[in-house]
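A.B. asks: Sequence:
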Amino acid sequence: MLRRRRVTGHVPRRPAPLPRLGRRVRRDGDLRQARAGRRRDRRDAAQRAVRPRRRDPVVRAARARALPALRTLGRRDVAIAFGLGACGYALQSGCYVLALQRIDASLLSLLLYTFPAIVTVASVALGRERLDPRRVAALVLVSAGLALVLAGAGTGALEAVGVALSLGAAFVYSAYILVSDGVAGRLPALTLSALVCTGAAASLTIGSAVTGQLRPGAVTAAGWGWLACLAVVSTVAAIALFFAGLRRVGPTAASILSTVEPVVTVVLASLVFSERLGGAQLVGGALVLGAVIVLRTGGAARAPRTALDPGEVAAEALPS
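Using full-length UniProt numbering, you'd call the opening residue of the sequence shown number 1 and step up by one each time.
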């Protein structure tokens, strides 16, 4: 007789029904869609917050004219401008500071301000400008006036290394002016000054960090305030104004006119620190101002080379 075989063992459970799996997939999809919706809402809110500015006619006019100018900047000009700050400005400043540690400030200024003569000779040699009697007279007046202004403060003792560093700073600054004259005709003054200051800041920061002189924590809050004033007024604004003038009057006249700086320094020192001006210093200041008048009355200005400046574009876009 045939016996029935008894089936024993574990019977596997049935898999989860498909409707539950479908509900889980739908729930995960709904979560992803909700998250994407929240991200889209935040992006739309940010765009709505910025959109009113873009609709402003003044902003639109400035953007329409300034952005093409920024896009047309040549890489070679940008590299030259950055190198002017990283190499030229930083090297001249380094030579000046090192020379100041060895010789008196008046002698240093007297040697540094030989750069107008250097720039004049180099400009004539390069064929950029002609040496006319008006420029020669202005150069003679400036040299004599600076000698009288700075001699009144006392020149101190001569030191070979300090004198070499001072003259090195004068030659570096002369090369800086001559190279800037070529770039200033192709770049706006504000753009050129921004690139130069950026290059100088990068070079000087790296140099001070390597030598261990970069200690920002040792500067007080008042010190940071004075540093900000020096950076904005005495550096960025001064460089931008110099480049704007360089484009209009040329390297020789710009270098001669910039010799007003030590005269202004001496006058401010007499007003702020109650220092007395001697007769020689007054005569020297008058000679420097006379050189400025000679250049001004002689028609030193040349036709400004067009270079679009975003700041000037924004100013022109303002409704009258």
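Treat the hints as calculated values from the structure; they're not laboratory data. Treat the hints with care, since some could be wrong.
As the list claims (entries may be wrong) - Label pairs and their in silico Cβ distance ranges:
no.: 1; residue 1: Leu98; residue 2: Asp44; range: 35 to 45 angstroms
no.: 2; residue 1: Val233; residue 2: Leu100; range: 33 to 43 angstroms
no.: 3; residue 1: Arg130; residue 2: Leu214; range: 39 to 49 angstroms
no.: 4; residue 1: Ala286; residue 2: Arg130; range: 24 to 34 angstroms
Here a beta-carbon is modelled for each residue, glycine too, at the ideal position from N, C-alpha and C.
A.B. asks: Of all the hints numbered above, which does this structure not satisfy? Sort the numbers upward.
C.D. replies: When the structure is compared with the hints, numbers 1 and 2 turn out to be violated.
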